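First to last, the protein sequences are chains A and B. Per the numbering used here, the first sequence starts with residue 1, numbered consecutively. Per the numbering used here, the second sequence starts with residue 202, numbered consecutively.
These are calculated hints, taken from the structure and not from any lab test. Here the structure is a predicted model, which is why all the values come from computation and not from measurement. Take these hints with a grain of salt, some might be off.
Listed below are the simulated EDC-like cross-link pairs for lysine to aspartate or glutamate, each with C-alpha atoms no more than 16 Å apart in a straight line [claimed, not checked]:
id, chain 1, residue 1, chain 2, residue 2
1, A, Lys58, B, Glu251
2, B, Lys370, B, Glu354
3, A, Lys53, A, Glu63
4, B, Lys373, B, Asp453
5, A, Lys58, B, Glu354
6, B, Lys426, B, Asp212
7, A, Lys53, B, Asp327
8, A, Lys53, B, Glu350
9, B, Lys450, A, Asp195
10, A, Lys58, B, Asp347
11, A, Lys23, B, Asp212
12, B, Lys370, B, Asp327
13, A, Lys58, B, Glu350
14, B, Lys380, B, Glu354
15, B, Lys476, B, Asp209
16, B, Lys426, A, Asp120
17, B, Lys376, B, Asp401
18, B, Lys380, B, Glu240
The following residues of chain A were derived to be distant from chain B, with all beta-carbon distances above 10 Å [to be verified]:
id, residue
19, Met1
20, Trp8
21, Ile30
22, Phe51
23, Arg64
24, Gly72
25, Gly105
26, Ser142
27, Arg160
28, Met167
29, Leu193
Just so it is clear, CB atoms sit at the ideal spot from N, CA and C, and this is done for glycine as well.
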Amino acid sequence: MSTDIQIWVQALCTLAVYSYLYKENFAYRIAEYTLVALYTSYQITRLFHSFAKPYFEKYCLEERQYYFILMGFLGLLLYFRYAPPQYRWLARYPIAVSVGWGLGGSLARSPRPVFTQLADVMRPLNTVDNFLFFVAFLAVMSYFFFTTGKESKFIQTSGRIGRYIMMIGFGTAFGNTVQGRISLFLNRLSFLLVDWLGISI
Amino acid sequence: MNLMEKFDAIDPRWIYFVMALSLIVPVLKPIGLAITIDEVTTIPVYNWIESLQPGDIVVGDIAFSGGSEGELGPQLQAWFRHCMMKGVKVIMVAQWNTGERLGYTLLEETAAELEEEGISAEYGVDWAYPGYKPGGTTLWRQMQLDFWEACAEVDILGNSFEDMPLMHKFRKWDKASSKGIMAFVAGAPGLPTYTTYFPDYDIYLGNVAVQVPGAMNNLRAGQIKGLLAGLPGGAEYEILLDRPGRAVKLMDAQSLGHLWIIVLVILGNIGFYMKSRRGE
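Please build the complete structure, drawing on both the sequences and the hints.
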């Protein structure tokens, strides 16, 4: 069994988190709140050392690009959300800038990967795979056909087939989700067995 | 009360207990179930590194945190080991700050093992870790223009890029300086950063199993060239390297756990069908 205190803390926190499977309890709550607190403090510290400090030193002090400070002040306006009501509107400015900037960037670039996939749908029907894909694609699309003609027998049948195809897709996603969750547990399990208890696997 | 009604009323904690047993036992007593290597997903990643020349640079991305380490950690370590064995240089960025330090620790651990085996994995020379830089996709775009400036010229440890020989070969992130991108992704931000801003690059993906069905669309459309899928992806890569590690050891448990879930799904469906027939 490990004599490293860090390993012990990890192991006890792991067990505390899994104790939730039995029932909600004090140990789980402690682990949960500790994680949130650690995460927040870690974020602040890391961002200060990996971002705020080097960028400030490099660009503001060395290169005298003082507009970085201006953007810093703009960001600080976010805290006006906690100011008296008559000043809270100031918090909207940094949000407006970041949303506008983000939206502009997304609109300019985001369609490209989607269109790449859309183009991939247009495949020659020269293999069974491609033919099946084409039929499945039409059937699934017809499931989402909500306008005139949706009462027709053809669209309804096609939509039903589309629904089954989607269910197969969801089944695949579920299977992968289960696999993923098991992997996460196995990781913790191997930590408990190997690193904490010292059992070789 | 018949058997099905008893199953229906079972305490879920028994299910967890049996699941835990079906995972713990094969970890302690491995069965040695076969692991098949996927030609479509895993092999292209392996062949990509095999095709590179010593001294070539690839960029890796940590876009996951501790919650996904069980799946992506073994993938990352196996891929990094392969790169170092081939003499391929690795520069790691991190889209997730919560996984930044974790990724560094995993690579540091692997690098120490490699050094012990006589394979060069010197920090700053064979690999570098600029890590997480805030700014999202906009900053990643900036990295393409001037990598040093975008990173404020410091790595995760605060070392200056000036003092790192590898970084002198990587002032700008373009197709000439990097021979591909390997993103280890557990969510957002993740792959779309690369399919959107780096569409002409050779992109490879290490993905958590949950997201693999979605990533298959990217693979089919040619947006990514290869894919390591969850823990099995890591296990397959370890086998390709002929160095079974953590992922291979856990695959028996993975398979038996999955089998238990399949049994439960079948039982649940039978129960549902029987209740439907009775009009409940």
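Checked hints:
1. A:Lys58 <-> B:Glu251: Between Lys58 (chain A) and Glu251 (chain B) the Cα gap is close to 39 Å, so the pair fails against 16 Å, i.e. violated.
2. B:Lys370 <-> B:Glu354: Given pair Lys370 (chain B), Glu354 (chain B) holds - Cα atoms ~13 Å apart, limit 16 Å.
3. A:Lys53 <-> A:Glu63: Given that 16 Å is the threshold and the Cα spacing comes to 14 Å, the pair holds.
4. B:Lys373 <-> B:Asp453: Violated, at roughly 44 Å.
5. A:Lys58 <-> B:Glu354: 8 Å, holds
6. B:Lys426 <-> B:Asp212: 45 Å, violated
7. A:Lys53 <-> B:Asp327: This hinted pair is violated, its Cα atoms lying about 27 Å apart.
8. A:Lys53 <-> B:Glu350: 14 Å, holds
9. B:Lys450 <-> A:Asp195: 15 Å, holds
10. A:Lys58 <-> B:Asp347: With a Cα-Cα distance of about 14 Å, the restraint between Lys58 (chain A) and Asp347 (chain B) holds, given a limit of 16 Å.
11. A:Lys23 <-> B:Asp212: 12 Å, holds
12. B:Lys370 <-> B:Asp327: 11 Å, holds
13. A:Lys58 <-> B:Glu350: 9 Å, holds
14. B:Lys380 <-> B:Glu354: Violated. Lys380 (chain B) to Glu354 (chain B) sits at ~22 Å, over the 16 Å cutoff.
15. B:Lys476 <-> B:Asp209: 10 Å, holds
16. B:Lys426 <-> A:Asp120: Given that 16 Å is the threshold and the Cα spacing comes to 14 Å, the pair holds.
17. B:Lys376 <-> B:Asp401: 8 Å, holds
18. B:Lys380 <-> B:Glu240: 22 Å, violated
19. Met1: 16 Å, holds
20. Trp8: 18 Å, holds
21. Ile30: Given that every Cβ of chain B is farther than 10 Å from that of Ile30 (chain A), nearest at about 18 Å, it holds.
22. Phe51: At about 5 Å from chain B, Phe51 (chain A) fails to clear the 10 Å cut-off, so the statement is violated.
23. Arg64: 15 Å, holds
24. Gly72: 13 Å, holds
25. Gly105: 6 Å, violated
26. Ser142: 20 Å, holds
27. Arg160: About 19 Å separates Arg160 (chain A) from the closest Cβ of chain B, which puts it past 10 Å; holds.
28. Met167: With a cut-off of 10 Å, Met167 (chain A) remains clear of chain B, as the shortest Cβ separation is near 13 Å.
29. Leu193: Nearest chain B Cβ is 7 Å from Leu193 (chain A), so the label is violated.
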